[in-house]
Structures are given as structure tokens and as C-alpha cells.
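One letter stands for each residue in the lines below.
Protein chains: 2
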Amino acid sequence: MFVHTVFFWLNHPESQDDRNALGAGLETLKAITDISAAYVGKPAETRRPVIDHTYDFSLTLVFSNKAAHDLYQAHQVHLAFVDKCAHLWERVKIYDAVS
Amino acid sequence: MFVHTVFFWLNHPESQDDRNALGAGLETLKAITDISAAYVGKPAETRRPVIDHTYDFSLTLVFSNKAAHDLYQAHQVHLAFVDKCAHLWERVKIYDAVS
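Chains as they are written, first to last, in the numbering used here: chain A, 121 to 219; chain B, 121 to 219.
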């Protein structure tokens with residue numbers, strides 16, 4: 121399996137419009153059939169020193185293998201999401217894991 | 121859904137014994153039935169400035185809700201894992217996300 125995890129920090133976290141736009145953009149990614157499982161999330165209420173809850177949105181995508189992940193990266197729906205939404209985030213942090 | 125993602129940095133990443141021990145410990149967690157889906161991973165070969173590939177192991181656990189996550193946290197198999205393996209890691213970083 122290949123797990124692609126992305127955390128997004130908004131440029132304007134105080135903007136509900138931006139929040140809605142990024143949330144809606146992330147939801148469009150679920151249409152990409154190369155993805156085995158997709159989870160769009162926001163920080164939970166858990167608080168411990170080892171927990172980073174500073175991000176605004178998370179995206180966890182599970183693929184059967186790296187080839188499926190690579191198809192996702194090049195998929196037009198993903199590219200359209202980046203094109204439409206990249207201005208909304210200040211930064212992203214990505215973790216890719218294989219098993 | 122509740123996605124609990126943990127990244128582990130080993131105290132002694134050069135030790136294959138430590139690596140095997142943590143990997144085996146993480147695998148024991150999959151027996152906890154409160155978990156809906158579990159993925160134990162290592163850094164993929166992907167390399168971009170926004171990708172953090174410095175960790176040694178990742179754990180992605182999907183739960184149906186926070187209550188299931190809370191049961192996992194208190195589960196004896198999880199507590200036994202922490203008790204047996206905590207000395208192996210230098211640090212962990214956790215992201216909890218709800219959707």
C-alpha cells in the first residue's frame with residue numbers, strides 16, 4: 121500500500137470562504153478512481169504536546185501501490201484542484217509511506 | 121471518521137534490531153478491533169521540498185469516530201506496545217483528523 125498524507129495551512133484561516141473553497145476542492149479528489157480510500161479532515165479535539173493540531177485541513181489518500189499514486193498526481197482532477205486552490209494555502213506538508 | 125497518523129523517529133536508526141522491533145510492535149496494533157483500517161509504513165521514494173521523508177515508521181489508523189479512537193488509546197494491546205517500544209523512538213509526531 122501507499123499512503124499519501126497532506127496537511128494544509130491556509131493563507132487566511134479566518135476566511136470562511138477560503139475554508140469552504142479548500143474543503144470543496146479536496147472533496148473533488150475523491151472522484152479519482154486510482155484512489156483506494158480517501159479521507160478529508162480537520163484537526164480533532166485531541167491535545168497532547170506530540171500532537172500537531174495547527175493545520176487547517178488534512179488529506180489522507182490510500183493507494184494500492186506507488187503506480188496508482190503516480191496516476192493520481194498526474195490526473196486532470198488533481199491538477200485542476202491544485203490550479204484552482206493553491207492560492208488558498210500558505211504551506212503544505214506531505215508524508216508518503218509505503219508498506 | 122477519525123484518522124490518527126503517527127510518525128516515529130528512531131533513537132538508533134542504524135540498528136536493524138531496533139527497526140525490526142518497532143516494526144513488529146506496530147504490527148501488533150492491527151489486532152485491535154476498534155480500528156477500521158491500519159497502515160504501517162516507511163518513507164516512500166518520493167522527494168519534493170514539501171515532503172518530509174525523515175521519519176523511520178508511520179502509522180495511519182482509521183476509526184469510525186473519536187470514541188473508537190479513545191478505546192484504542194486505552195486498549196491493553198496499545199498500552200503494551202508503548203510499554204515495550206517507547207524506548208526505541210527519539211520522538212513521535214501525531215496528527216488527529218476528524219471528518
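No lab work stands behind these hints, which were simulated from the structure alone.
Please note that the accuracy of each hint is not assured.
Because identical chains cannot be distinguished in the list, a pair is counted as satisfied if it fits within a single copy or across any two copies.
What the hints assert, rightly or not - Listed next, the in silico PhoX-like pairs over lysine-lysine satisfying Cα-Cα at most 20 angstroms (straight line):
hint	residue 1	residue 2
1	162	186
2	204	186
3	150	162
So, going through the hints one by one against the coordinates:
1. 162 to 186: between (26 angstroms within a copy, 13 angstroms between copies)
2. 204 to 186: neither (25 angstroms within a copy, 32 angstroms between copies)
3. 150 to 162: within (16 angstroms within a copy, 24 angstroms between copies)
Figure legend: structure checked against the earlier numbered hints; the only hint not met is number 2.
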